[in-house]
Structure formats: C-alpha cells, structure tokens
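Number of protein chains: 2
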Amino acid sequence: MTSLKNTSLFFVMLFAINIVKGQEEMQLLDYVNPFIGTSNFGATNPGAIAPRGMASVSPFNVAGAENKLEKDSRWLSNPYVHENTFLTGFSHVNMSGVGCPELGVIVSIPTTGELETNHLKYGTTYSEETAEAGYYSAQLDKYKVKAEATASTRVGVSRYSFPAGKSNILLNLGLGLTNEQGAMVHVVSPTEIEGMRMVGSFCYNNPEAAYPVYFVAKFSKPADEFGVWKTPYKYNGLESQWMHYNGETRIKKGFTREVVGDSIGAYMTYNFKKPQQVEMKIGISYVSLENAKENLEKEVGNSNFESVYANTRKAWNEKLQVVEIEGGNKDEKTIFYTALFHTQIHPNILNDINGEYPEVGTGKIGRTEGTRYTTFSLWDTYRNYHQLMSLLYPEEQLEMANSMLDMYKENGWLPKWELNSTETFTMVGDPAAIVFADTYLRGLTDFDVQTAYEAMLKSALNTVSNPLRPGLIQYIEKGYIGVDSHVKGPVSVTQEYNIADYAIAQMANELGKNEDYQKFSERSTSYKNLYNPETGFLQPKNTDGTWFSEFDPLAGTNFASNPGYIEGNAWQYLFMVPHDIEGLKEEMGGNSKFEARLDELFEKDQFDMANEPDFAYGYLYNFIPGKEYKASAKINELIHQYYKNAPEGIPGNDDTGTMSAWVIYSMMGFYPITPAKPVYTIVAPTFEKVKLNLDPRFYNKTHLIIEKIGNGNAIKSMELKGEEINNYTIQQDPLLLGENLIIQTYKTNENE
Amino acid sequence: MTSLKNTSLFFVMLFAINIVKGQEEMQLLDYVNPFIGTSNFGATNPGAIAPRGMASVSPFNVAGAENKLEKDSRWLSNPYVHENTFLTGFSHVNMSGVGCPELGVIVSIPTTGELETNHLKYGTTYSEETAEAGYYSAQLDKYKVKAEATASTRVGVSRYSFPAGKSNILLNLGLGLTNEQGAMVHVVSPTEIEGMRMVGSFCYNNPEAAYPVYFVAKFSKPADEFGVWKTPYKYNGLESQWMHYNGETRIKKGFTREVVGDSIGAYMTYNFKKPQQVEMKIGISYVSLENAKENLEKEVGNSNFESVYANTRKAWNEKLQVVEIEGGNKDEKTIFYTALFHTQIHPNILNDINGEYPEVGTGKIGRTEGTRYTTFSLWDTYRNYHQLMSLLYPEEQLEMANSMLDMYKENGWLPKWELNSTETFTMVGDPAAIVFADTYLRGLTDFDVQTAYEAMLKSALNTVSNPLRPGLIQYIEKGYIGVDSHVKGPVSVTQEYNIADYAIAQMANELGKNEDYQKFSERSTSYKNLYNPETGFLQPKNTDGTWFSEFDPLAGTNFASNPGYIEGNAWQYLFMVPHDIEGLKEEMGGNSKFEARLDELFEKDQFDMANEPDFAYGYLYNFIPGKEYKASAKINELIHQYYKNAPEGIPGNDDTGTMSAWVIYSMMGFYPITPAKPVYTIVAPTFEKVKLNLDPRFYNKTHLIIEKIGNGNAIKSMELKGEEINNYTIQQDPLLLGENLIIQTYKTNENE
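The listed protein sequences derive, respectively, from chains A and B. Counting along the first sequence from 1, when you hit position 537 you're at 1403 in my numbering, and nothing is skipped either side. Counting along the second sequence from 1, when you hit position 735 you're at 1601 in my numbering, and nothing is skipped either side.
Hint data in this document are derived by calculation from the structure and do not stem from the laboratory. Among the clues, some could well be false.
[What the hints assert, rightly or not] Residues from chain A that face chain B, not an exhaustive set, calculated with beta carbons under 8 Å:
1. Ile1117
2. Thr1122
3. Glu1124
4. Gly1127
5. Val1315
6. Thr1317
7. Trp1413
On a predicted model such as this, the values are computed, not experimentally measured, just so you know. Just so it is clear, CB atoms sit at the ideal spot from N, CA and C, and this is done for glycine as well.
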C-alpha cells in the first residue's frame, strides 16, 4: 500500500489515456440504466447528476392524485416513481435510494400558454422518456415541450425546447418532497432568479435542525415578463370577509424585491415567434447565495448544455472504468454498471467550489481544502459500501473518513446518519466506528487515526448523554439492552454495539492498545446473552435477566414495529453476527445445526434481501466446511431473483448504494463478509472476467483479475497467482497481491 | 416669500436658541399625551417615535381573546387599543391614525422563566403605563419586567429591566397587525439578530405588492442562549401520522443560519444572578439588511437608551415650538400639542440614512439627497393637513411635494394613498393635484412645477387605463359619473373630481394657462348635474340622465356601503363643495335656504365629525352674512364635544393627522376652508393668545399672533395689524403680513 501523499495527477492521466483509447471504455456508459431502482421502492431517481453531485435534476412525479404513489398519501421517499405518470416538474436537490422523504425541492417546469402556478393544474403526462448517466429527457405532453437535463457537480442544467407562442418557466419553491416549508425568492433580472428553500427533518426526525439550501438560476434568454407568486395562509374568522384574496395565490408581476413565505415561486415568461430553446442553469449551495453564484460561475460559467453534458459524461466514464468486465449478457452488465453508478451518488459533495460548507452542530461555515462529503447512511453502508469504496475509490474513501472525522471535531460526536451537516439520528448502532476500523485495516491509514480512535472510544464509553449509543450503561453492565429499557429494538441494538465493539477491538489491536483490545473483544460477543438455546433465537430479554414473555419470532415481519428488533424479526436478526460466525455456530450447536437453521431461514421465506441485516446471509454457507457450494448457488440465485435491468431491479431501497454494492461484489464473486476485518469470502462470479483497476497510489498492484472458468454457479477450485487455494475466505492483502484469481466453476441445482 | 435656497442652518440655530431659553419651551412636551386617540378608533398608538420616524416602538395589545378589540375578530387598524389589557409585545414599524390594519410587525417582548413562543401564552397584562413624546413604558405584570421604549428616526430602542433569574427577549416575526405573512430571521451572534418581514395589502388592497421590511436587532448584553422558532403548516392526511411534530412549534436552539417561513421568531435567553437591564436597538430599512445595519450604526451607534431618548425629546421639542399658546386650560393645551404631535408622525421618512429607498412601481432602489416621505393618505390630508404643514413646517411640505413628484417620475402617476412606495388605491378622487396647487398658491413654489402640472393634467385628462380617475370619460362627457358605471360612490367621486379640477384651474391660472383655467373651472362645478332641486340633495344619477330611483338620503350612514357615496350618505356629502360655496348656495336658493339646510344637517344628527367630507361644514356659516357667529359657536362646540384629553379624545381615525390638523386650526381660530385657494376663514379661537413662529426662509414675517379678547365663542370684531377687518374669510398673504390679529369675542348660546 502506498500513501496518499502523491497528487491525484497520476490517476487523472491514467483515465485520460483510457478515454482516448475510445470506443470500448466510452461504451461503459451504455450500461448505465438510471431507471433501475425507480420502482419497487428502490428509491433511486433517473435524474441527471454528476458523480457525487450536490445538484441533480430529477423528474418530479410524486405529487397529485393522478399518481399511483402520491407523496402525501403514503410513505414515499423519492421524487420520482417509474409507474407514476403525472409530472409536476424537475427538482434540483435530490436523494437517491433512501428510505425517507427529503429534499426534492427547487422544482422547475416549462409550460406554455397562460401562467398557471398550481402544480396540480400545470402538471402533465410525459412521454419519450430517456435517461443516461448525467442526462434525462422527456416530452411534456400537455405543452409539447421537450425537457432535457444534465448537471455538473453543483449545477443543474436544463434545456427546454418550446414551440412558438407564450411559454413559461416556473420555479416552484412551495412544492417539494421534503416536509419542511419556507422559502425566499428574488428575481434579480430577466435572466436571473435567486433564492433559498428550507429543508430538513429527514425521516421525520430532528425537524429543529431544518436548514437552508440556496440557489441561483440563470436563463439563456431574457424573459419578456417575470414575476413571483405567493400562496398565503387562509385566514379564518371575521377578517377573511374583507380579504377577497384570502388564501389565494397572488401573482406579483415584475416584482424584483425579495419575497419569503411557505408557498412561493417565481416565473419567467417568453413570447416566442418561433420554436425556441431556453437553457436554465441552477447553481446550488448549502452555504449562501453568493456561493451558489460562485459555484455556477466557476463550474459552468458560459458553457452551454452540450458542453456541460459532455464533461459529465466524461466524469462518469472515468468512474465506471475502475472495473472492466467480460462475459455476462447485456442485462447483467447493465445491472453491474448501473450499480456502480448508484454507488457514486452518495455520499455526495457538500462543500462549495470555494471549500465552504456548513459545519455540523456549530452553525458555522467551515472550509475544506479537500472534499466534504455528506449523506452518510452508515447503518447501511458500514456493511459493504465503504469496503467497496476502499477497494475501487480509495482516495474518496479516505476523504469520507476525513469528512466523518471533521464532523466529530465540529460536533463532538461521530455521525450516525448524517445529512447536509445535520445528524438525523436515523437507525441504530454505532456504525462510524466500524467504517474507521475497516478503512484502516484495509490499509487506508492516511487519516487522523488518533482522533478517530478517540472518537470511537468516546461513543463506546461515554455513558452521559451519548446521542449515538442509547442504553449504553445497561449494555456495558449486563451485556445486553433490556426490552423494558425504552431503547427501541434492544436485540438489534445489542448486536450492532457488538459489531462496533469488535471493530474498536480490531483497531485497538492494530494500534497496540492491548487493554482496549481485550475489553472490546469481550464486549463484542455479548449478544450471546440474548441467545435462547430453547428457541434457537436471539430474543428480547428483560433487564432482570428473564426472557421477554411475549416473544414471537415472526413479530417484526415487513418492517412492522416490534419489541425486539429494528426493521426486522427474530429470524432476520438471527445471523447478524458477522464478526463472530464461529461463535454463533458454537451457540447453535455446530456446523450442521447452523446449516439447518440457515436452510430453515430461506425455506421459511424469512430471509429479507431488501434490508441490510440479512443480506450477507447467503455467504454464511462459506463458513460451513463442505457446504460452500450453497453460498455460491444462493448468491447467484439472489442476484438473478432480485436484481434486474428494469425499474423494479433493486430489491428495496438502494440505501445510498448499499444494495448496489452488494450486487457489485456478488457479481464479481467476493464479499467483505466481516466489517472491520480485511477479508473477502469468495463465490462463483457472474462474469467470465472481471478486471479491477486499482489505484496505484494506494495499492501495490494496478489490478486484480478474477476469471471464471466454466459457466457454473458453484466453485470447483480456485487458483490465486497460479497457486491453488482452499480457503473460501481470504485476507485482502494476499488477494490483491495475487493479481489473478481463477475460479473453476460447476453447475449445482442447490437453491434453484 | 423667500425661496428654499438657504440651508436649514438658520432654523436650526433659531431652535437651538429657543431651547437654551429653557423651562418654558421644554414644558411643551408635557402637553403631549400619546394616549389621546388610542380609543374610540382614533387609531393612534402611544408608542415611542421620533418626529416622522420610520421606526417606532408601540405596545401591541390587539391579539388574544382577552382583549376587547381583537385584531382578527373585527376590523381593527391599530397595534394598540387603550381599553385592551393583554399585551403580546412591542411592534417596531407602525402606522398611526389610519383606517386599515397594516405593519405592526417585528414584535419583541421580554419574558422570564422557561421559553414560551406562543404569544397567546406569553402575553401578559401590564400596569404603570406611561407615555411621552418619544417614550413609552409599562410594567409587564406576569414577568415583573419594566419595559421602556424610545426611538430615533430609523431605530427603535428598548430597555428591559429584568429581575434575577432566567429571562428571555423574543422577536416574534409571525405575529403582526398586517395580514401579510412571511419572514426571514438569522441570529448573527449572541448580541445580534437580523431579519425581514413581508408586509403589505393595506386596506386589503393590492396584496400582490406586498414587500419586505428589514431589521437588525442589537442587544447590550450577549445572550447565554439563543435560538429560532418556527411553527409550520399542519400536514393533513396520512403523512401526518409520522410527524410527531406536525404543526407544532420547533425550537432551533443555537441555530445561526437563516430561517424563513410564515410563522417564525428568534429569542435571546439570559440567566441573571441579579436584576439586570438589557437594551435592545432595532434598526429598520425598507431597502436591505445592510441599510438597516447602517441606519442603526449611524443614527444610534453605541449611544444608550437615555441618550437616544434625550435626542428624540429635543427633536420633539423643536417641532412643538412652532406654536406658542397662552390661556386655555391644561386639557385644552394638551389637546392642542398632542394634535401637533400627531401631525408629525405621517407622512414619515422612508429613505435610509444613506438616502436609499424603494421606488414606486419600478422595483428599483432609488436615492434621494433630501427626504423621501411616505404614507400619503391624500383623500384625507388634502383638506387641511398640507395647508397646516405649509404654514408651520414649509420645508417639510416642500419635501413632501417633491416626494410625491418623485413618485410620479418613478411610476408615471401621482400617488393617491401611497404607503412605503406602494399605491394602495385606497379611497377616491385625485387628491395629489389639490396638494400641489394648494402648496404652490400658498407661496411654496420651490418644486418642479412644470412636472407637477404635467402630472396633474395627466390624471385629469388621460382616459386610457388611468388608475387615479376611474370613470373619467363619463365625467368629462356628462359632468358626472353614472350610478350604473361600476365606479364606487359615483356622487362622491364626481365631487372629488370637481375639487381636483378646481385646483388644476387655480394652478393653470397662476401659470398663465388660460385655456386650461377655463376648461377646468368649468369642469369643477359639474356637481350641479347631480343636484336635485326636488330633494335638495346631490344624488346618484343613471348614465342616461335619469335619477337613480332607489335614492335614500340616509343610505350610507355609519360607513355602510351604498350606491351613491363613499363612507357617507347624501346628507354628509351635500355641502362638500368647498371650492364653490356660493354656487351651492345658489343651487339651494340663496343664503337663508342654505342656512336652513345646514341647520337641518346638524339637527338631524347627520353631520359626521369623524370623517373628512363633513368636518369643515361648521365653518360654512361664515359664508352666510350675519350668521358668522354660528360658525364660531359650532366650531367651539365641536372642539369640546369631540376632542378630549383622553384616549377617546379624537372623534374617529386621526387619518394620519387630518383630524388633528382640524383641531389645531380650529383652536387657533382659523381654517383653510377651500383647498387650493390660499384663504383662511376665521372663528373665535380657544386660546387667549396664539403665536405662530413662521419659518423666515419662507415667510416675510417671523410670526403671526392671534389674540382673543373676552372669553366668548363668537366674534364681535376683528383687528389685523391695528386695522379693523370685516371679512371672516381672508387671503393668507394679508393675514400673515398682518402679524397680529386681535379678535373681540362674545358669548353666544347658539349651538350649545
């Protein structure tokens, strides 16, 4: 492993060379289908976005009763749903693959004819929908307007092709996926609108932390007319009798002062004698209007739509080239590269082009020399996502570690589920510790390790108003959290703390802190306190040590709230001990009982591919000597059962790329089975040949090639650097140093 | 008359000399009772304000069911009502004596104990209320906090005396008298909060023009804690089930980013070990945050409460010294000087200290070298207010004329009812023309007369989308506006246009434009078309020339809407022909019939002292030879009947000083009976001696002294400069040149 001391010049040159090689690499983009995950609650959107972009331009079709899935009529976490049909615009800050509604604001739409500002009235069906990495377009049926979108990192760029006649571009700041309200808008000139929108309360948590997102919109053609609209509260009572305009939308024609309110917007109107295109660029900042302008100027300036799109294509192409594949059909390749595309959306860039970003907790504006990342869904991503980033994009992974550390420095606490510098306190456990340990143990050590370790210890030991580990005192004293403790999901939480403590132990070991290593190693297997040999489950226990009497192993199915578990039931959490697989086997009574229990999980349909606790379970067969073929077969089965080149092609929320990381690893034939342990467990890959291009600034080898011989779904034998290996689970170092892993496969009917 | 070419140095020096004379002048302030007009719909407020201040600090006691007159439960146009008891703070931009709710925002309140942001809960009764010119104080019962307020022109300054313990200062930006919504707030530091509030839609008109008012608040002590609160819309439907905070106020502790929304506020919290005072200065601007800060810095800077108050006292004293009186009791003197105080509130200063102000209609920021005035309630003020300003504060009157002209230059139209650079289109007629003509004919000619005349003609002649004179085509063609024309109050409007046309004729005459003089003179008496000799009323007529068949001379009593008149009935408009009293007499059949009709008006209780059309009617007896004693008696009766040194001491809305101007003139013993004609009609004064200090830059004499001999209410004889005069109505020039008017009075029982 080399350190991060070199500049990134080498890598840039490497990619530049690849690109000019032409045809082959450029075609990787053809394997990105941004519609994958836009149905079946994948919660991705097909909007135009640059890699890890702050801005994106997503079609917004979740408002209005015409839509099957309407944002206010159900739990809905995305600005776009593939089966919906009624478009009310294009939102300019969006989240991808998350489980809660947030952002989805700064909504623009081109219309024609008389100005109509009510989205329920101006909304339209659409057709001829296309999407690529960094590009989206559709024909808006009602207006015969073609809307195209692309984006640079901090700027959404739209191109609207209008027919002749009266046309409008609306910027609706009332409409949004977020449940937060409040906006400011200011028409600066016939070619410029600036403003801000309040967002926040992700997952209906922490609404107090709602914060502003700023924008500036520039238009390629000066409007013939412009204005602002505002829909006020409706007054009740006597006074309303004099307010002929009570609750009604007001059009402030030609208004050039600031306007604030909960439901406002601005418009540009054109009178076109012939069909015309208008390009609209919207620069975003979470810091200030000035920064939004600077982002727009420096990132896009006078470049036109085509030029921005070309740059973004180039950026995406560079991203995708880290893995080259041979074999597999077009759908499989599309599933793979789209998944890779989906891992490059979050965590996303928060800092402005001048380095400024809002700090966590302080209310101050910080400044970074590098990149400040945001959107850390760590309960999800600690399991495989950051491992994949360490492998394929190590510089980014280190920057993410640095961003997380900066949050600790600002806020006094590591992030749990951080979004735009607010801690949303979504999900449970102490996942940041795991990410630091995993990153470090995989050889990416160029971060402030002492501070990271200090932060990890703080959340693991501080029993006074610790926002990350509720129930910690009981956990330390009793080894588990009692079901009567008011901590939600006490079994799940105990398991999560165990995994985090294991990670801290591994880190302590690396840093030579033997006492900590002992202590946290011991803490990490306390889940055993919750294993009831009579039922064969990890189950809720009362603080007094007795079992919770109303235990039902199925309670919690389908995300139902239940006394023991978070987003799952006793089956789904039974095997979530990735750091102590041998220990769990022992508890269960050895290999064959473990195998039988695992079989039962799948047979009883209690395995949940759509949520993180379970989704590595298929790999557990690799830990039962002689039954490794079941792991390969199961993983191959799951890939083809749940991942598709189709809108419903992700089994559930993509979880900021975690589901995608699963399929990337799984299709490549290996998986980081134990977070914070630099190992990979191996299964039969999907493709004939996978070539990982490793960043030579971090790895001693420039690539790892995995070849599959035979079109099987189980492993017959393996050869690393020409030498046969018998372990299905191996350390990362020898694997990467091996450069070439050849996997002989055969066909098994197991699990089919 | 001298011109305005001199600097104002002379005047300043004059006042400076007066002040050091000490005692006598200083005591004038003791005759200001800011509670006069705070009941009986006088609509004044007792808040602290500097002369013509942009900012003021008014107690705000019109919210909450505890209050007898609640702002949302009835038509209520003032932030304070004397008989109300429940105070919810102090508003920092306020209107005085107007008929519609507007402004009354940026509401602060000191509280103690745990933070409570709902004004219905934090509101309190109060006691020990005192008010002076530029000062207000009360004890807030619930909190045992003494709240004091003073103000400079653009800065409201408060001093809160807290007991020991936890204390808070709230800035509530949701609460307000205005019906407009929307605000921004930003806690800059523990000693500074900045923000803005949307205001507008005065008289429920023109809500589209709602505009921002900016502020910055600085605190003398840094807060121990601070934050922002926000109360969002309540979500309905399914989504609300996840929003435990749905519709509830959120406290954003320590939040230092911008927050926008319809219902927000900010707070500072202190933990005092002993009783402490905190001073809060709030700078205001209608242009920008930066200007609000500059206004605060340059106008107040580091001055403390006492120092600001001392300066404002001094400024008020200078204002009041223009008239010195002898005789009269304390109540009469108080009525007089409080009225003078009330004439110095509106029109108020709109421009920031750097000269910037929002232009009318353009959306641009203009800049003035002098003073930009706003709040022109011209339908009211053309009748006597501007005449009084020309007499007592000629420099201000010229600046007002210039402000009105600038509006025309910006907007293309003269103002009708202008407020903070929005035209509210309240009331009727074309009053600006009258003000220009009156000002000019009274000798104040140093304004852009050509442009003024052009503007006057434009509104009098332009029949295409003329916002000032609806129904103008019919008026020109038929001499009246038909009741079937959709113009509201067609009789009243015809009368108003007549008066305006008379004014234009007088101006044309002065400018040597004979053709215009002839034309507008002719137009000015077209009211006669509406005089029905059979009923003896000016009454509504159909466009076809027939009388409106459902005529009822009482329809319109008590401001009820009716087909013929604005805010009045046929009786109340019968004599509103101030420019053609002789003509009306002739229509009615001569002096005695005119007198009988006037007697009937009063006897039938159809005279309305509370509204402008009527309130000079008492003076009309001066135009009936031999019956002049009735004028004196009636005016003296009305003064004592309707004006009191008490909260109910103004007969109705003060109308930005118009009611006050009436009583000032009436108590001095003369009145500008005909707008745009530089005459005064004379009655027996209230005081033994009145000395008007004239501005020598505008007038050839430094003073006019009016002496009353005998304690009568009717005039026996008059002597001007030692020579007896017999006319009860004389030109302004000989009156002012006369310097000394001695009025012999006698007691008559007429009208008692």
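Now for the hints, and whether the structure bears them out:
Interface restraint check for isoleucine 1117 of chain A: the shortest CB-CB distance to chain B comes to about 6 Å, inside 8 Å, so the restraint holds. At about 3 Å, the closest approach between the beta carbon of threonine 1122 of chain A and any beta carbon in chain B falls short of 8 Å, and the interface hint on this residue holds. Taking 8 Å as the C-beta contact cut-off toward chain B, the hint placing glutamate 1124 of chain A at the interface holds, the least distance being around 5 Å. Restraint check, glycine 1127 of chain A versus chain B: the minimum CB separation of about 4 Å is within 8 Å; hint holds.
For valine 1315 of chain A, the shortest C-beta to C-beta distance to chain B is roughly 31 Å, which exceeds 8 Å, and the interface hint is violated. With its C-beta approaching chain B no nearer than about 24 Å, threonine 1317 of chain A sits outside the 8 Å limit, and its interface hint is violated. For the restraint placing tryptophan 1413 of chain A at the interface with chain B, the shortest Cβ-Cβ distance is roughly 31 Å, beyond the 8 Å limit, so the hint is violated.
Against the hints set out earlier in the document, violations occur for numbers 5, 6, 7.
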